[in-house]
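Enquirer: Residue strings, one per chain:
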Amino acid sequence: MDDSLAGLDGPAIEVAGLSMSFGPLVALDSVDLVIPRGAVFGLLGPNGAGKTTTVRILNGVLDPSSVGRLNVLGHDVRSEAEAVRPQVGVQTDTNLYERLSARENLALFGRLYGMREAAIGSRVDQLLDMFGLTDRAAELVERYSKGMKQKLLIARALVARPRLVYLDEPTAGLDPEASHELMTYITRVSREANTTFFITSHRLEEMEGVCTAVAILAGGRIRAAGPPERVARAAVPRVRVRVTPVPGSGMSAADLSALPGVKTVTALPGGFAADLIDEGAVSPFLRAAAALPFDLLGVAEEPPTLQEAYLALVGTQRDVGERQGV
Amino acid sequence: MNGFAAFARKEATEIVRTWRIWVLPGMLLFFALTGPVMARFTPEIVAAAGGDQLAGLVKSLPTPTYLDSYAQWAKNLSQIALFAIIIIYGGLVSGERKSGTAILALTKPVSRSAFVVAKAVVHSLFLALTVIAGTLATWGVTALVFGKAPGEALWSSALSWLAFGVLFLAIMTLLSSLMGSQAGAAGVGLGAFALLSIAALWEPLAKYSPVGLASAPMTLAMGKESAILWPVVTSLALACVLVATAAWAFRTKEL
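Chain order of the listed sequences is A and B. The first sequence begins at 1 in my numbering and counts up one residue at a time. The second sequence begins at 1 in my numbering and counts up one residue at a time.
Calculated directly from the structure, the hints in this document are not laboratory data. Each residue gets a CB set at the ideal place from its N, CA and C atoms; glycine is no exception. It cannot be assumed that every hint is accurate.
[What the hints assert, rightly or not] Here are the in silico distance ranges between beta carbons for each label pair: (1) B:Ser-181 with A:Ala-138: 26 to 36 Å; (2) B:Trp-22 with A:Tyr-185: 33 to 43 Å; (3) A:Ser-122 with B:Lys-207: 52 to 62 Å.
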């Protein structure tokens, strides 16, 4: 990953040359990651890409086959796991105690982190309220829906206000409102408390909105890493401007094709997408489009999305794999 | 052992919320209440069931005493309760490994040993409370139906069995740390019980090792003498070693 991502206080996570094999299967192949403190980092990739394996290694649950550097919050996970664990919250599989209530599950974790009973009570109330579980806080978790369990798993990871939080597919099973609240919370806590979030997800639109850095993992290797917009631009080398004329203005694709720096123009519902030759062509195009004899609702550059980048990179990887018979 | 108190509290809460709270104590209480009655009225029951055909047998039966009631309780503990422990606790640790909750011991600032030791300690206390309650019930009902119930034979029998029960709980803790399958651990546990029962036939071994507790509770319940100091001490010491080994096995096991 780009070293410019590392914060001034030293990175929250620093991994170099991380490899992991399960027999003949190579799950991770020379992975390098540098994640600054306070970042919201998204590890994106298809199923089987090695995301969960990465999280398990970073948690000290799994020993890597080989690694050059494996530092979390300034400590080597392999030799100083005891120093790391009190500072880390983890939400992974649905490993809740089903015969305890939501309140009891959260309180248990507060105790495991050595929190005082008084502090546990107020923190548990706060989290139950935040995730909308207060009304059913005394109910056994075995009676919870999947979405409620997911909320509780996330709340549990946050109980002790950890400095680093691992969230594995955190919005899976959540309704849109709860997903939005969670993303808002993540953004706020990362800014206010300098908490680092390490999120694995398939929900690229959500990740694009909340992550300050992402890495796309496929076939055990990092295919791209950096701020989402930079990853997207690097993976999808196109420059596109969206032109939205006033309905009935009579603008056609040919009117835009004649403007400077235009490669192609595609008609879309309600407007046009003009692909330009390079970044330098954007300003001249915008000026020329504004000068056209049509009333416009808007002219704006449309940067590539993380989803396009993901499909470009992971699709390429899959194509290569298929050609090689992998 | 960071986290011992938290895990112990969790374990105790879970006991109350699961079927264990009903099965083991429920079963023992049932036998504790019915055992003395069955012992007192055995001749009448045999006579009613067999009619004239068993009249000779009924006449030959000795008059039941409170010691028959105690022996019934000791037999229930040594067989039914012990099998229940072996079956119920075959998944004590492996159950949490399967459900994914055991991984918490690795990702939290707690010791893995605390996770295992808390289970063994809490369930040993639970077993002790259950056996004491059952023995109290046996004692009371025996006094009611026989009009006489000296405590020494009953309590020495029950408490010596409790040491044996704790030893088996420790064996199951270790087996469930080593093995993923509850049924597999229970099978090995039953095998261990069979071996101990056979080994108890060799008197020198029975006198100075836990093996002696395979038969001592019954002997004591019948009002006879049995040297139990060494069997009890070695059973409890071995239980500690087994739980420590279980904790070590859990520490080294990939979750």
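Enquirer: Is 52 to 62 Å a correct range for the gap between the Cβ atoms of Ser-122 of chain A and Lys-207 of chain B?
Expert: At roughly 59 Å between Cβ atoms, Lys-207 of chain B and Ser-122 of chain A fall inside 52 to 62 Å, so the hint holds.
Enquirer: Verify the CB-CB distance for Ser-181 of chain B and Ala-138 of chain A against the hinted window 26 to 36 Å.
Expert: 35 Å, holds
Enquirer: Is 33 to 43 Å a correct range for the gap between the Cβ atoms of Trp-22 of chain B and Tyr-185 of chain A?
Expert: 41 Å, holds
The structure agrees with every numbered hint stated previously.
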